[in-house]
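Residue numbers (my numbering), protein chains in the order written: chain A, 4 to 236; chain B, 4 to 236.
Be aware that one or more of the hints could be misleading.
Same chains, same names: a pair is fine if it fits in one copy or spans any two.
As the list claims (entries may be wrong) - Below, computed lysine-lysine pairings styled on BS3-like, alpha-carbon distance capped at 27 Å:
1. K181 / K47
2. K105 / K27
3. K213 / K181
4. K73 / K213
5. K218 / K109
6. K181 / K218
7. K203 / K73
It should be emphasised that the hints constitute simulated quantities derived from the structure, not laboratory data.
Here's the letter readout for the chains.
2 protein chains.
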Amino acid sequence: MILRQLFDNETSAYTYVVADETTKKACIIDPVKNKTPHYIQILKELNVKLVLALDTHIHADHITGLGDLKMITGCKTMVGSLGDVSCASDSLQDGLVLTMGKLRIKVIYTPGHTADSYCFFINTETISYLFSGDTLLIRGTGRTDFQNGNPARLYESIHGKILKLPLDTILLPGHDYKGWTTSTLDEEKKHNPRLQFNKKSFIEFMNNLKLPDPKIMDVAVPLNLSCGGKNIN
Amino acid sequence: MILRQLFDNETSAYTYVVADETTKKACIIDPVKNKTPHYIQILKELNVKLVLALDTHIHADHITGLGDLKMITGCKTMVGSLGDVSCASDSLQDGLVLTMGKLRIKVIYTPGHTADSYCFFINTETISYLFSGDTLLIRGTGRTDFQNGNPARLYESIHGKILKLPLDTILLPGHDYKGWTTSTLDEEKKHNPRLQFNKKSFIEFMNNLKLPDPKIMDVAVPLNLSCGGKNIN
Numbered sequence: 004m005i006l007r008q009l010f011d012n013e014t015s016a017y018t019y020v021v022a023d024e025t026t027k028k029a030c031i032i033d034p035v036k037n038k039t040p041h042y043i044q045i046l047k048e049l050n051v052k053l054v055l056a057l058d059t060h061i062h063a064d065h066i067t068g069l070g071d072l073k074m075i076t077g078c079k080t081m082v083g084s085l086g087d088v089s090c091a092s093d094s095l096q097d098g099l100v101l102t103m104g105k106l107r108i109k110v111i112y113t114p115g116h117t118a119d120s121y122c123f124f125i126n127t128e129t130i131s132y133l134f135s136g137d138t139l140l141i142r143g144t145g146r147t148d149f150q151n152g153n154p155a156r157l158y159e160s161i162h163g164k165i166l167k168l169p170l171d172t173i174l175l176p177g178h179d180y181k182g183w184t185t186s187t188l189d190e191e192k193k194h195n196p197r198l199q200f201n202k203k204s205f206i207e208f209m210n211n212l213k214l215p216d217p218k219i220m221d222v223a224v225p226l227n228l229s230c231g232g233k234n235i236n
Numbered sequence: 004m005i006l007r008q009l010f011d012n013e014t015s016a017y018t019y020v021v022a023d024e025t026t027k028k029a030c031i032i033d034p035v036k037n038k039t040p041h042y043i044q045i046l047k048e049l050n051v052k053l054v055l056a057l058d059t060h061i062h063a064d065h066i067t068g069l070g071d072l073k074m075i076t077g078c079k080t081m082v083g084s085l086g087d088v089s090c091a092s093d094s095l096q097d098g099l100v101l102t103m104g105k106l107r108i109k110v111i112y113t114p115g116h117t118a119d120s121y122c123f124f125i126n127t128e129t130i131s132y133l134f135s136g137d138t139l140l141i142r143g144t145g146r147t148d149f150q151n152g153n154p155a156r157l158y159e160s161i162h163g164k165i166l167k168l169p170l171d172t173i174l175l176p177g178h179d180y181k182g183w184t185t186s187t188l189d190e191e192k193k194h195n196p197r198l199q200f201n202k203k204s205f206i207e208f209m210n211n212l213k214l215p216d217p218k219i220m221d222v223a224v225p226l227n228l229s230c231g232g233k234n235i236n
């Protein structure tokens, strides 16, 4: 399996390129529209063919590259069914398994940060990876105060689904604001401050964060509902 | 082997924490002074003991965390012998092998970016890693116009030493300014524009870059010669 983590400095967002070494089929997770030329370069240089572009959820802080990548490469695009994104080729569903050669990407529905949040789980012979979007971050979690976010559902998604996966799974989050690139589920279970709360305290904590809205939310969400404005240059 | 890559947003510098899983002995490569509390946190949470802190070279763009880490953890510190860093516990030498439990870190002298530049090579049973400092970057190289940098020597270090290592080695650089986190030697050999030059053209190219001096060079270099000003708060 080929794996590349890419960082967008402006929004502290992580994007992932994952490819099957045998068939050279590739998938991209959470691409950022402005970085599309980078993705095209790296796909070409890795000698892989993009067949699938996924968003873990409808982003509020950056504009998705799904539309541009679909237009340039002809890849399939998928987002959560609740996103109502008519420009996507297909909908993510809990339990769906996406195959690329020998690679199996298991789709796990993890609402809470938003109502349309999904995680992607890859279990190779030697190692497992969880692409967690903004559901679980390194020593943090996504916020729950817009886009039908819900702290009780986030708690259930993390404790009832994510922490039931093998704890040596490598965590590959959708953001990091302090420069950390990876973690493991075991590390987060033990050391993520938000995972130490019981459900009641977690809900209380999340409801009292009082964070400002993301700077470009009013632009990003509508554009992301059309895959990043694929007809807009 | 435990491996964590950490990014300093201000200087686009990468720092690495490497630890042996059995003995829990850890090493840190190119720590940034301002991030010391992060390193102390992650070492504690990974339940490993810092025994060694290494700089690939005397940095001109950020202040090293070697002095602070030595003071806080009692770890050994090592920098290149040409650095004339009296506060370091010991000097790096070409061919030296540093052991931490089962881990072997091979020191490779790679002058060119500076006269005191070293790379660190770890070859596990399944995978090899090169911590390349500023000698080889992803699709780039370090500059050669100060601190006794020399493009001919950089060319020799890259082509005569680094590219003689197994080409599937994972490249872990000292910086990246575009958000790429890792590469492989094979990728760089094929796609790094600066590695496509012959020696004469490379020297000409490097001598004509005309880059501005790093912003904090006049502060960073003297401080780094005292391990980041270990007696300065």
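Is the C-alpha distance from K203 to K73 at most 27 Å within one copy, between copies, in both cases, or in neither?
neither (42 Å within a copy, 42 Å between copies)
When no copy is specified for K73 and K213, does a C-alpha distance of 27 Å or less occur within a copy, between copies, both, or neither?
neither (37 Å within a copy, 39 Å between copies)
One pair to classify: K181 and K47, alpha carbons no more than 27 Å apart. Within, between, both, or neither?
For K181 and K47, only the inter-copy Cα distance (17 Å) is at most 27 Å; the intra-copy one is 30 Å.
First find the shortest C-alpha distance between K181 and K218 inside one copy, then the shortest across copies, and answer within, between, both or neither for a cut-off of 27 Å.
both (19 Å within a copy, 22 Å between copies)
Alpha-carbon proximity context of K218 and K109, limit 27 Å
Neither: 32 Å inside a chain and 46 Å across chains, both beyond 27 Å.
State whether the alpha carbon distance between K213 and K181 is at most 27 Å within one copy, between copies, both, or neither.
Cα proximity of K213 and K181: one copy only (20 Å, versus 32 Å across).
At most 27 Å between alpha carbons: which applies to K105 and K27, within, between, both or neither?
within (10 Å within a copy, 34 Å between copies)
In this structure, the earlier hints numbered 4, 5, 7 are contradicted, and the remaining ones agree with it.
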